[in-house]
Amino acid sequence: MKVKIARDELLTALQRVQGVVEKRNTMPSLANVLLEAKPEGLDVLATDLEIWMRGLYKATVEEPGAVTFSARKLYEILREIKDPEISILVTDNCLVTIQAGRSQFKVVGLPSQEFPVVPSIEREGLIPLPGSGLLELIRKTLFAVGDNDTRYVLNGQLFIVSSSGGKPLIRLVGTDGHRLAVAEREFEIQGGSAPLPEVKVILPRKAAHEIQRLLEEGGDEPMIGFTQNTMIFRKSGLVLTSRLMEGTYPNYQQVIPKESQKKISVNREELEGALRRVSVLSREKGYAVKMTFAPDHITLFSSHPDTGEATEEVPARFNGEEFSTGFNARYFLDVLGVMNGENLTLQMEAPLSPCLLREPENLQFMSVIMPVKV
Amino acid sequence: MGSTHEEIKEPMRSIIHIDMDAFYASVEQRDQPSYRDKPVIVGADPQKGKGRGVVSAASYEARVFGIHSAMPINQAYRRCPKGVFLPVRMARYQEVSSRIFAIFHRYTDLVEPLSLDEAFLDVTGSLRLFGTAEEIGRRIEAEIAQEEHLSASVGVATTKFVAKVASDLRKPKGFVIVEPGKEVEFLKDLPVERLWGAGPKMAKQLHRLGYRTIGDIARQGQAELAALLGQSGVHLWELANGIDPRPVIPDEPAKSIGSETTFQVDTADPNVIRQTLLELAEHVGQRLRADECFAGTLTLKFRDEAFRTLTRAMAISEPTDQAPVLYRTALTLLDRIPFSGQKVRLLGLSASHLSTSAERQQLSLFGETPKRHSQLTEALDKIRTRFGDSAIKPGSLFTKRRV
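Protein chains in written order, with this note's numbering: chain A, 465 to 838; chain B, 72 to 474.
Any given hint could turn out to be false.
[As the list claims (entries may be wrong)] Partial list, computed: chain B residues near chain A (C-beta under 10 Å):
#1 Glu-166
#2 Leu-369
#3 Ala-386
#4 Ile-387
#5 Ser-388
#6 Thr-400
#7 Leu-434
#8 Ser-435
#9 Leu-436
The hints are simulated quantities; they were obtained by calculation from the structure and are not laboratory data. Nothing here was measured: the structure is a model prediction, and the numbers come from that model. All C-beta atoms, glycine included, are put in the ideal place defined by N, C-alpha and C.
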């Protein structure tokens, strides 16, 4: 195999797969990247056996072939190289020679057969999606998705496509059992008028995160499709395939409080700043902050037996009877961080009931946070 | 706080170190009169010399045969096949231990437990109430004997290190007082191995440098020892000269609660592995409940036949004290161990990030927070405390195997 490729082009490829390659070294080849030189360019592939990322990159292929070696090392080499073009030569014994200007690297690779086989996927039924819209939905819900949770399905993001209400709609849901985020958006189908499939699947956290990264790059609009147990995401020469998670997602709609009059309106930035300050003293205690809702303000209070206590009043409007409750301030800050509006409303019936957070300017997003017993 | 070069004189302290004599074995001998005056060995099942665990405690009658704790059980069996070999009844020892600690607390709040059967007491503030440190030590010793029919060894000194050395000097039923100012004199003829921080390796090095006794080190210049041994040299010199300012820190809450099992025969049988994890989960759960705390993290320890030890840990979303949750988490962790058919030698589970029920509790959206004490678990715990761990257990754990 012999290839000439622009350094920046290959660096982009390696940056994209860094998040996919397996960091825990269970199977050595999972820490590797597969390079396949084809007449149309250089295919770069990485997997952790859950997610597969493949991209075709512009390159001059002088001799087709394939090799697999450490994704981390290739990335580190590319970062140090300043020459605009590099050449990669692989000899029969899988010795990879990377030539860049006056520097030369020889890296021991493995034959491409050592790389896990890519599962074959049908390419039917891809739905074109508005990229920026999808990015916003992931950003608004991924923070609430469980991380390393014992309840397996909570480590995934619920992905719903539905057109039952007339216009096609995507809804994303994340929850770790303590808080919940739901974001949805209607969209226009560009081009074809094929009937939209009804989709309700659970996407692994890592896949959602990788999609988010690819969308943040901007560029072409993505397409997304689902088969029985995989999701396919395509965007400008890139294909991300992910296994879907099996299991029953909890009934999230049941835990969203019904609309009521017990609402507290507050300025988002003011609440955010106050929470940050007050929670400084309760970091070691799970960021516990006591909140008291009064007719014209919210009082935040935190204390720690070893460090001391902090309190702050934030102006607010509340047409109910004063009461106090407690929250993990981090859960609040996560939600406030993905909101865009100037104001938000909190709705809570009693000190131990769920708290619903919404923005009057954007009713397509909501979050629910459970309090802590104080 | 001026930058004076004068030594800041700490007020003199009175510290008592109390160490129960052959605790587990003594509890067994007390509970079962027919074991008295017999060599009692508490630990793993010796399986007629084929057992693979270790000795947890040996009575003084058993020590005559050269048996000591941490010795492989099969070796203990070879030395004394007629000995009384008993399983570890941890819940029982914990119960007795908590009563003994209650006696300590009659005299001071500054009680630092080192284990179930060993503690430091700082009685400096109690002298006016109860008399001299010696008198307090004598009273505690007598109360333990009277109320629990067990014996302890006591060391009284001005520092933790000297008190500990003192209690160990005339075991069993020892009572050694080191008068203030006599620390260096007391230590000088003891071998360097007695120093904290002088393990077998360090001891060897000290011997090579010509230091045999603690006195040899005390007489040496501090700077010289620092040059030879670095920071640990300074530390050893201080101890040898009776300098040990470490305070007695009362009752630090446990940082982790764990349990582990060495298999009698290395195994790759998934059923045996799962059963063992269930046993360990039951045991850890029971101890969490006894201490009234909840585990936020579970760690699985896995040692294979080649003695490679791997650990995997994960957060438990709802901190728990329930065995089924610990067991489910343990299975998830087991899946993460790169397992290619090699045999397992040892499995362990350890619960950490412990929180108490008194701390703030995060409520759950989906209402699956387990009930703190189901009546069943409570009943099981009572049975086990009274009749031992193996009195009642899940049906799947009833096999011929005994761990």
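Consistency of the hints with the structure:
no.: 1; hint: Glu-166; verdict: violated (30 Å)
no.: 2; hint: Leu-369; verdict: holds (9 Å)
no.: 3; hint: Ala-386; verdict: holds (6 Å)
no.: 4; hint: Ile-387; verdict: holds (6 Å)
no.: 5; hint: Ser-388; verdict: holds (5 Å)
no.: 6; hint: Thr-400; verdict: holds (5 Å)
no.: 7; hint: Leu-434; verdict: holds (4 Å)
no.: 8; hint: Ser-435; verdict: holds (5 Å)
no.: 9; hint: Leu-436; verdict: holds (5 Å)
Checked against the numbered hints listed earlier, the structure breaks hint 1 alone; every other hint is satisfied.
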